[in-house]
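**Student:** Here is how the chains run, residue by residue.
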Amino acid sequence: MSFVEYGDTIKDGDTAIVFLGHESMFPVKVQHGSVTQTKYGVIRHSTDLIGKKYGSKVTCSKGGWVFILHPTPELWTVNLPHRTQILYSTDISVITMMLELKPGSIVCESGTGSGSLSHALIRTVAPTGHLYTVEFHQQRAEKAREEFREHGVEHLVTVTNQDVCKNGFGVSDIADAVFLDIPSPWEAIGHAKSALKAEGGRICSFSPCIEQVQRTCLAMEEYGFTEINTLEILLRVYSVRTISLQIPDLGKAAEDNSSAGFDSSNPSDQGSPGTNLQQGTVQFKSGVPLREMVGHTGYLTFATKSLF
Amino acid sequence: MAVEGRLGPRICEGDCAVLKRGDVFKAVSVLRRRKITFEKQGFYLDNAIGHMYGTTFEVTSDGNLQPKREVEETTTETKEAGTDNRNIVDDGKSQKLTHDDIKALKDKGIKGQEIVQQLIENSTTFRDKTEFAQDKYIKKKKKKYEAVITIVKPSTRILSTMYYAREPGKINHLRYDTLAQMLTLGNVRAGNKMVVMETCAGLLLGAVMERMGGYGSIIQMYPGGGPVRAATSCFGFPKLFFNKLHEFPLSKVDSLLCGTLSTETLPSEPEDAALAEEEMNGLVDEKQTSVQGTEEESSAETAMEINQTEEQETMDINVEDAEFKENKERENKENVREKQRKQWERRKKLTEAAALLREKNADGLLVASKFHPTPLLLSLLEFVAPSRPFVVYCQYKEPLLECYTKLRERGGVVNLKLSETWLRSYQVLPDRSHPKLTMSGGGGYLLSGTTVVLDKGKSDSSNLEALKMEEPSSKRCKVQDLHC
Numbered sequence: 000m001s002f003v004e005y006g007d008t009i010k011d012g013d014t015a016i017v018f019l020g021h022e023s024m025f026p027v028k029v030q031h032g033s034v035t036q037t038k039y040g041v042i043r044h045s046t047d048l049i050g051k052k053y054g055s056k057v058t059c060s061k062g063g064w065v066f067i068l069h070p071t072p073e074l075w076t077v078n079l080p081h082r083t084q085i086l087y088s089t090d091i092s093v094i095t096m097m098l099e100l101k102p103g104s105i106v107c108e109s110g111t112g113s114g115s116l117s118h119a120l121i122r123t124v125a126p127t128g129h130l131y132t133v134e135f136h137q138q139r140a141e142k143a144r145e146e147f148r149e150h151g152v153e154h155l156v157t158v159t160n161q162d163v164c165k166n167g168f169g170v171s172d173i174a175d176a177v178f179l180d181i182p183s184p185w186e187a188i189g190h191a192k193s194a195l196k197a198e199g200g201r202i203c204s205f206s207p208c209i210e211q212v213q214r215t216c217l218a219m220e221e222y223g224f225t226e227i228n229t230l231e232i233l234l235r236v237y238s239v240r241t242i243s244l245q246i247p248d249l250g251k252a253a254e255d256n257s258s259a260g261f262d263s264s265n266p267s268d269q270g271s272p273g274t275n276l277q278q279g280t281v282q283f284k285s286g287v288p289l290r291e292m293v294g295h296t297g298y299l300t301f302a303t304k305s306l307f
Numbered sequence: 000m001a002v003e004g005r006l007g008p009r010i011c012e013g014d015c016a017v018l019k020r021g022d023v024f025k026a027v028s029v030l031r032r033r034k035i036t037f038e039k040q041g042f043y044l045d046n047a048i049g050h051m052y053g054t055t056f057e058v059t060s061d062g063n064l065q066p067k068r069e070v071e072e073t074t075t076e077t078k079e080a081g082t083d084n085r086n087i088v089d090d091g092k093s094q095k096l097t098h099d100d101i102k103a104l105k106d107k108g109i110k111g112q113e114i115v116q117q118l119i120e121n122s123t124t125f126r127d128k129t130e131f132a133q134d135k136y137i138k139k140k141k142k143k144y145e146a147v148i149t150i151v152k153p154s155t156r157i158l159s160t161m162y163y164a165r166e167p168g169k170i171n172h173l174r175y176d177t178l179a180q181m182l183t184l185g186n187v188r189a190g191n192k193m194v195v196m197e198t199c200a201g202l203l204l205g206a207v208m209e210r211m212g213g214y215g216s217i218i219q220m221y222p223g224g225g226p227v228r229a230a231t232s233c234f235g236f237p238k239l240f241f242n243k244l245h246e247f248p249l250s251k252v253d254s255l256l257c258g259t260l261s262t263e264t265l266p267s268e269p270e271d272a273a274l275a276e277e278e279m280n281g282l283v284d285e286k287q288t289s290v291q292g293t294e295e296e297s298s299a300e301t302a303m304e305i306n307q308t309e310e311q312e313t314m315d316i317n318v319e320d321a322e323f324k325e326n327k328e329r330e331n332k333e334n335v336r337e338k339q340r341k342q343w344e345r346r347k348k349l350t351e352a353a354a355l356l357r358e359k360n361a362d363g364l365l366v367a368s369k370f371h372p373t374p375l376l377l378s379l380l381e382f383v384a385p386s387r388p389f390v391v392y393c394q395y396k397e398p399l400l401e402c403y404t405k406l407r408e409r410g411g412v413v414n415l416k417l418s419e420t421w422l423r424s425y426q427v428l429p430d431r432s433h434p435k436l437t438m439s440g441g442g443g444y445l446l447s448g449t450t451v452v453l454d455k456g457k458s459d460s461s462n463l464e465a466l467k468m469e470e471p472s473s474k475r476c477k478v479q480d481l482h483c
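Respectively, the protein sequence lines represent chains F and H.
In this text, residue positions in the first sequence follow numbering that gives the first Met the number 0: the first is 0, and each later residue adds one.
In this text, residue positions in the second sequence follow numbering that gives the first Met the number 0: the first is 0, and each later residue adds one.
Just so you know, not all the hints are guaranteed correct.
Claimed, not checked - With a straight-line Cα cutoff of 16 Å, these simulated EDC-like cross-link-like pairs (lysine to aspartate or glutamate) come out:
id	chain 1	residue 1	chain 2	residue 2
1	F	10	F	47
2	H	105	H	45
3	H	435	F	231
4	F	51	H	401
5	H	416	F	226
6	H	152	F	99
7	H	141	H	127
8	H	359	H	333
9	H	359	F	226
10	F	52	F	99
11	F	56	H	397
12	F	284	H	381
13	F	56	F	4
14	H	152	F	198
15	H	152	F	226
16	F	284	H	145
17	H	110	H	83
18	F	28	F	198
19	H	142	F	47
20	F	52	H	454
21	H	138	F	99
22	F	196	F	47
23	H	19	F	226
Stated by the list, open to error - Pair by pair, the computed Cβ-Cβ distance ranges are:
id	chain 1	residue 1	chain 2	residue 2	range
24	F	217	H	62	34 to 44 Å
25	H	87	F	245	57 to 67 Å
26	H	377	F	242	40 to 50 Å
27	H	358	F	217	28 to 38 Å
Claimed, not checked - Partial chain F-side listing against chain H, Cβ under 8 Å, derived:
id	residue
28	5
29	8
30	10
31	58
32	61
33	62
34	66
35	91
36	93
37	95
38	102
39	214
40	216
Hints in this document: simulated from the structure, not taken from any laboratory.
Here the structure is a predicted model, which means the values were calculated and not measured.
Where is the CB? At the ideal position from N, CA and C, for every residue including glycine.
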């Protein structure tokens, strides 16, 4: 296993995802002799995990079962230990595409935070690219380094513990793209510009508040960035349900023998119209929006560093 | 100029490039002495050759391109502006220059910048407008008269925005942010072995190829006579990227899954005429059954100025050949040999793709087509290894509802999610920030999930359990759950 390469079987030292059902899962570090408790009972790593195929069904001690999944940056994002507020896959997707990232890209990021975006960036720029990530909080920087090591991607990332607004990214004229998720991104735009290659590159700044965006856009303009564009992406999730709606009794049933008056998608009703019309229902499948959705994560401001 | 040596790539003859004016893009091939029409302007790209990507050009009066250097804005003298528009009357006479005057200025070859200045000076109401209104006026005029074109390197970002704006019908209205979700949810990266089924002019394929950077392999499943790759060719990928790009006809998926695929038994020698003919007839049948789809796709292709795929050409010749074989036999002996060679190569590629699929260990499946997704998913998922992501795009939600239900019945999948993204753009200007007036009404829907080992023996009971586990609905869902 590695976060940048699929493996078929679960090995000692892997980070695996235990999937219990309906978006209920957690990460587990696979170790010989170790055990993991779930609501379905105990999983013994040596016998239940190591050597098994990723995607297998594993029966726990109480007879219940779980699936063991191969880690991906997306699964990690929903399972990682939060040290900060994190970016989710919806924003990450747009950031990755709009920054034009691909294998070989050099990216600068700040702050590292919990490493949710970092894992996705590393996945995309591997095997020849590199991520330079800057985190001013020493403990978080250290924790991120440790995670990258455990996940087999340390060769693709450099974590620097400094203040990006004061000291920049620690590299210059090297990056294809820069990403900022800090409280005052406008203070880092100058550093971002010098980190980017002379031939140009892309920048993105993530901010929850419009006032932050305004200051950032002004700074970007001041530093000669072009194509400045702010957007917001919202995810709508639908739950798939079979809905049945009752047919109202309009008193027609007794005299009118034909059910052609309404559109019933339940053909069995048509055999005996009238008699059981009062209890008659129409069934259909629907994608029902969740009762609550994320209405705002942050504004994404993109811009291009031009050639001249 | 000497400094530029160490900078990025230069525009070369034969390159695939993208022209950009404002937010409008157009993909072109860089060719000498070839007139390009873009945003109502005709010009030649000859002078752009040798310049760096990202250079901005002006169109000169003789239709050539001339690099534009950064000019410091000539700020209008002492700024004078009104506070409101209570005294501004729309009498249609505020602009003293007539249409003919403006045309005369243009014909004289006067620079756009100067025309804008003239328009401002000859507008009687300009000074009374508020500062913001003046700003807006200048921006509008600049857009019209100061035509500058930037030549940029193609990328998924640029091509997907371009296709969505110019020809959404050809990519099944797959909006660029939806495409972005597909690439992420599908964990597309270097080294993967991906199965892609698309009828998006090759845009999705191109996006996948970009993210894989030439590492790993892709098997493109195609309907009809051959894969459409009009958009793929706009990316200008190096040849190396195509080495591990395979294609396999959808119409042979069933026989591959049943183990009755004919190519397996075919000898690898190109000389075997009888078998070659059999294969040829097979192709003719295929053509007839799928003729509608193929026609639609090829007409879709022409508009993007890209030539048809080799496979399609070869096939057309084959059909013709079968019909007129007797008449043409003598003259065409050479041609026939050439065709046989191509056919043999084609069959060899088919055999390779079939072998890759037969391993049933693909690292992911992406589907974005005009076809009903359910049968595609139920069959193509067979080729995917356990614990791998899959993503299906559909312009409409309803087919994905059915697909969701059928996948649940089949089993072997977890983490099923039906989703849609909304994209909202903002105008950000001092004291004038707000969401843009219009936004896209729809960019399609995605059904995504992860494969798991399918235990066929007791699929019924496990399905029940899966339903019990996964169906619990939104009531329980907290805000945090929605993120994933």
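**Student:** Take the hints in turn and mark each one as holding or not.
**Tutor:** Hint check:
1. Between residue 10 of chain F and residue 47 of chain F the CA atoms are separated by roughly 11 Å; this keeps the pair inside 16 Å, and the hint holds.
2. Simply put, residue 105 of chain H and residue 45 of chain H have alpha-carbon atoms about 23 Å apart, too far for the 16 Å limit, and the pair is violated.
3. At roughly 11 Å between alpha-carbon atoms, residue 435 of chain H and residue 231 of chain F fall within 16 Å of each other, so this suggested pair holds.
4. The suggested pairing of residue 51 of chain F with residue 401 of chain H is violated, with an alpha-carbon distance near 33 Å, which exceeds 16 Å.
5. A hinted pair counts as satisfied when its Cα atoms are at most 16 Å apart, and residue 416 of chain H with residue 226 of chain F does not qualify at roughly 34 Å.
6. Between residue 152 of chain H and residue 99 of chain F, the direct Cα distance comes to roughly 11 Å. Compliance with the 16 Å bound is thereby established for this hinted pair.
7. A threshold of 16 Å between alpha carbons decides the hint, and for residue 141 of chain H with residue 127 of chain H the separation of about 20 Å lies outside it, so the pair is violated.
8. Our distance criterion of 16 Å between C-alpha atoms is broken by residue 359 of chain H and residue 333 of chain H, whose separation comes to about 40 Å.
9. Only pairs whose Cα atoms come within 16 Å are accepted, and residue 359 of chain H paired with residue 226 of chain F is rejected, the gap being roughly 44 Å.
10. Using a Cα cut-off of 16 Å, the hinted pair residue 52 of chain F and residue 99 of chain F is violated, with the two alpha carbons roughly 34 Å apart.
11. Between the alpha carbons of residue 56 of chain F and residue 397 of chain H the distance comes to roughly 31 Å, so the proposed pair goes past 16 Å and is violated.
12. Our distance criterion of 16 Å between C-alpha atoms is broken by residue 284 of chain F and residue 381 of chain H, whose separation comes to about 26 Å.
13. Restraint check: the Cα-Cα separation between residue 56 of chain F and residue 4 of chain F comes to about 22 Å, which exceeds 16 Å; the hinted pair is violated.
14. Taking the CA atoms of residue 152 of chain H and residue 198 of chain F, the gap is about 12 Å. The hint holds against a cut of 16 Å.
15. Simply put, residue 152 of chain H and residue 226 of chain F have alpha-carbon atoms about 15 Å apart, close enough for the 16 Å limit, and the pair holds.
16. A threshold of 16 Å between alpha carbons decides the hint, and for residue 284 of chain F with residue 145 of chain H the separation of about 54 Å lies outside it, so the pair is violated.
17. Simply put, residue 110 of chain H and residue 83 of chain H have alpha-carbon atoms about 32 Å apart, too far for the 16 Å limit, and the pair is violated.
18. This hinted pair does not check out: residue 28 of chain F and residue 198 of chain F have alpha carbons roughly 43 Å apart, beyond 16 Å.
19. For the hint pairing residue 142 of chain H with residue 47 of chain F, the CA-to-CA distance comes to about 66 Å; that exceeds 16 Å, so the pair is violated.
20. Using a Cα cut-off of 16 Å, the hinted pair residue 52 of chain F and residue 454 of chain H holds, with the two alpha carbons roughly 13 Å apart.
21. Using a Cα cut-off of 16 Å, the hinted pair residue 138 of chain H and residue 99 of chain F is violated, with the two alpha carbons roughly 28 Å apart.
22. Between the alpha carbons of residue 196 of chain F and residue 47 of chain F the distance comes to roughly 49 Å, so the proposed pair goes past 16 Å and is violated.
23. With a C-alpha separation of about 11 Å, the suggested pairing of residue 19 of chain H with residue 226 of chain F holds against the 16 Å cut-off.
24. Range check, residue 217 of chain F to residue 62 of chain H: about 38 Å between beta-carbon atoms, so the 34 to 44 Å window is met.
25. At roughly 60 Å, the beta carbons of residue 87 of chain H and residue 245 of chain F sit within the given window of 57 to 67 Å.
26. Under the hint 40 to 50 Å, the C-beta atoms of residue 377 of chain H and residue 242 of chain F, about 24 Å apart, miss the expected range.
27. Evaluation of the 28 to 38 Å hint for residue 358 of chain H and residue 217 of chain F yields a failure: the beta carbon distance comes to about 55 Å.
28. For residue 5 of chain F, the shortest C-beta to C-beta distance to chain H is roughly 5 Å, which falls under 8 Å, so the interface hint holds.
29. Annotation: residue 8 of chain F was flagged as interfacial toward chain H, and the flag is violated, the nearest CB pair being 11 Å apart, outside 8 Å.
30. Interface restraint check for residue 10 of chain F: the shortest CB-CB distance to chain H comes to about 14 Å, outside 8 Å, so the restraint is violated.
31. With 8 Å as the threshold, the beta carbon of residue 58 of chain F stays out of range of chain H, its nearest partner Cβ sitting at about 11 Å, so the hint is violated.
32. Residue-level restraint check for residue 61 of chain F is violated (minimum Cβ-Cβ distance to chain H is 14 Å; threshold 8 Å).
33. Among the interface hints, the one on residue 62 of chain F is violated; its C-beta lies about 11 Å from the nearest C-beta in chain H, farther than the 8 Å criterion.
34. Restraint check, residue 66 of chain F versus chain H: the minimum CB separation of about 5 Å is within 8 Å; hint holds.
35. Because the smallest distance between the Cβ of residue 91 of chain F and any Cβ of chain H comes to about 6 Å, under 8 Å, the interface hint for this residue holds.
36. Hint on residue 93 of chain F holds. Least Cβ distance to chain H is approximately 5 Å, under the 8 Å limit.
37. At its closest, the beta carbon of residue 95 of chain F sits 6 Å from a beta carbon of chain H; the interface hint therefore holds under the 8 Å criterion.
38. Evaluation of the residue 102 of chain F hint against chain H yields a held restraint, the C-beta minimum of about 3 Å falling below 8 Å.
39. With a least beta-carbon distance of about 10 Å to chain H, the hint placing residue 214 of chain F at the interface is violated under the 8 Å criterion.
40. A least Cβ separation of about 5 Å between residue 216 of chain F and chain H falls short of the 8 Å threshold, and the interface hint therefore holds.
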